[in-house]
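Chains as they are written, first to last, in my numbering: chain H, 27 to 658; chain P, 214 to 392.
No lab work stands behind these hints, which were simulated from the structure alone.
Some hints could be false.
Under 7 angstroms between C-beta atoms, here's a sample of chain P residues computed to sit facing chain H [to be verified]:
1) Ile222
2) Leu223
3) Tyr232
4) Phe233
5) Phe234
6) Gln236
7) Gly237
8) Leu238
9) Phe263
10) Tyr378
Because the structure is a prediction, the values reported are computed rather than measured.
Glycine is no exception: its CB is placed at the ideal position from the N, C-alpha and C atoms.
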Amino acid sequence: MIFGELGYYSLIFSILFSILLFFFIYQDYFIKDNKVSTKVYSFCFLQFFTIIISFFSLVFSFLLSDFSIVAVFENSHSSKPIFYKFSGTWGNHEGSLLLWVMVLSSFLFLFLLNSKKNPKKYRLLTIFFQNILVVGFLIFIIKTSNPFEKLIPIPKEGLGLNPILQDPALAIHPPILYVGYVGSSIIFSSALASMIVNFVSKIWAQSIKIWVLISWIFLTLGIMLGSIWAYYELGWGGFWFWDPVENVSLMPWFALTALLHSIIILARRNVFQSWTIILSIITFTLSMNGTFLVRSGILNSIHTFANDPERGIFILTFLIFLSLLSLVIFFAYQPQKKEDFFFNFTSKEMGIAINNWFMIFFLSAVLIGTIYPILLEIINGKKISVGPPYYNFILAPFLIPFLIIMTISTKVDWIRSNINQKKKELLFLLIFSFLFILIINYYSQKISIINLLIFFSSLFLIFGLSKDFFDFFKNKKKINLSQTVSHFGFGLLILSIAICGIFSKETDVNLKVGESIKLDNYELIFNDLSMKEDKNFKKIIGTFNLVDINGKTFHFSPELRIYNQPPIVTSEANIQTNFFKDKYIVMNNISGSDYYNIRFQEKPFMVWIWISGFLIGLGGFLSIALKRNSID
Amino acid sequence: MIKKVQFGILFLIIIGSFYFFSQGLRINKKFFPDKNIGVELSNFSAPSIFNNEIMITKDSLKNKKFYIINIWASWCSPCREEHPYLMKLSREKLLKIIGINYKDKKNYAIKFLKKFGNPYSEIGIDKNGIVSIDLGSHGVPETILLSEEKIIIAKFVGPLNKNDYIKIIKIIKNNESIY
């Protein structure tokens, strides 16, 4: 019970330390040596330490089910499995903000420890800007969402964590996504700092690249996990819904991916300075924007925790303050061109530059789709929803040149054109992919031309990189493994999404026990229903047999779970996965009848979407593990 | 010069988005345009706090033009916040307020009402939170405004504030002028 007080007061202390940190940074800034003073070090540490204590106090309050704390009472229950008590810490608004601030502060501290080679003023200023973020969020927490708020009288039992949040993928999804989001904060801070001290250069890019990579990996995996959760838990059979809250995590990803590529160029030559800075600012602003849109309740979505306008106003004001600050700094200290540099039309730089613009296009399309409904509601009170058709229509055609340019850029060299040497290879790939398309088109004629071209361009990328892998393993040729893995993953991702989207089949029927139905290639038999008690829920298990044309039988047992605290019914889909397709059965009860609503879906290549997502992230990880400083 | 123009445009965009978003926040999000709006209230039953033998059900909503179902608990501090508005609303002649006491102890609940006043004409006990689930509620406090035909007009998640209060009064007064 002491943890509540401990957490609260160490949070207060951390504000105090952070404010003192401003003072010491100011003092140290004018001392002319190349060492950051120990005071700055110790106060960074104190800030970090007190926030850690505060966070773990909340964790322990959750583990010990201390219901005198509102956040614990509202989001936990003593009968909850320990793992979900733990993850309940960030399964609510207050706790997740504390996690956010903890990551902010730890990045500040890690930056200080890992930037010893860089100029002092740049380091101090980076910490200064990062500290603004920390203080802003600390005040936000204390003022509007104190995680340690007390409840009197102390209730005996908690209200329980929302059952659909009780899932392993979702339990680790927020922390991972947050590292990605917040990781971009240090990039933002250092971008502002490097402009002021005129440090936007190769060296800056080389030193900040690791942070870009780390947040990119985490953001990629975080989005991935969220998507996996949606697929297995929400019971709709989809993995991406273009829900506004999903979009706000995708937008920073677009910006961060563009940044990752432009910073690779900047790390090699002194070009693209302004562009890199702009991307750094945009990435973080979008991450903040994500927090604003989700936390303020301006969006209505399954992710919205609490609708509190006061919180919204605070984050919005803070966001606008940061945007104006970076705008002023950008125009006052705009990075100057250091060297004039020309590269050929068929060079890696050109490819990256063009695809950067495509990224910005994707970003804007998603941004408009997300923001426009909100604006419209404000202007004329109309509610519209922008759904998958908009995104498919606007994004899909542009993926084609995007993938083709991506393939060519992985093949050509830096600066100089060597396209002639590669002509044969590319031509061969082109023909090979084209043949493949002809085969696909022969077997199923209903595919639209856009989809065929998407198949074509993603196969082009996949085949191109497969050849690189082949060279690597067979001929021991030196390749950039991380780049190849990530881009291969991306090609595979688009291909699997396209295949899954086009060839999925869905049947929706109402059945009762003992009945069966004939489908195209299967017969579905509803065999049995049984009840089972689990630790904190009851479950109704349906037993189904699915018999295919060859007489092979598959057993399915989807569940309905009835949780007791809070009392909510969720349906657990039963999914059977193999490398070619997922078979997916989910059942729902129809109240007041013996019938159950059964949805049967076949989703070809589903598992490859996850595999390719992890490949994309793995590429980033390899890049750190192999300690490559450049991409070629 | 071009730089200044660029700066100006971006500046205006940022300020503009601030304006728009803060407007967006001002649209009262607690006033849920929920799926349930316009739907008839489903039946519920809860034992009365004052007499265990009497059940509060949908049929308890009678003889008035409007009904409010308010889910509350003595341990819930936002309920205290909204309580004065409920007291004010209880003076409306066309309105009947029914309370659902959520996961609470009887004597605490009665103490609460003695201290802050009782705006409810009837109170049902929802000991384990099931009644509130039947009412489609997300938690405490929550307020459902119903028409004479027991159709849900509005739903307020979280404590009622001044704007919500004014909204409810407006709906009631508009109706008065019609009759």
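Outcome of the hint check:
Evaluation of the Ile222 of chain P hint against chain H yields a violated restraint, the C-beta minimum of about 11 angstroms exceeding 7 angstroms. Evaluation of the Leu223 of chain P hint against chain H yields a held restraint, the C-beta minimum of about 6 angstroms falling below 7 angstroms. A least Cβ separation of about 9 angstroms between Tyr232 of chain P and chain H goes past the 7 angstroms threshold, and the interface hint is therefore violated. This hint holds: Phe233 of chain P has a C-beta 6 angstroms from the nearest C-beta of chain H, less than the 7 angstroms allowed.
The criterion of a C-beta within 7 angstroms of any C-beta in chain H is met by Phe234 of chain P, whose closest approach is roughly 5 angstroms, and the hint holds. For the restraint placing Gln236 of chain P at the interface with chain H, the shortest Cβ-Cβ distance is roughly 5 angstroms, inside the 7 angstroms limit, so the hint holds. The interface hint given for Gly237 of chain P holds, since its Cβ lies 5 angstroms from the closest Cβ of chain H, which is under the 7 angstroms cut-off. Annotation: Leu238 of chain P was flagged as interfacial toward chain H, and the flag holds, the nearest CB pair being 4 angstroms apart, inside 7 angstroms.
With its C-beta approaching chain H no nearer than about 22 angstroms, Phe263 of chain P sits outside the 7 angstroms limit, and its interface hint is violated. A least Cβ separation of about 16 angstroms between Tyr378 of chain P and chain H goes past the 7 angstroms threshold, and the interface hint is therefore violated.
When the structure is compared with the earlier hints, violations turn up for hints 1, 3, 9 and 10 and for no others.
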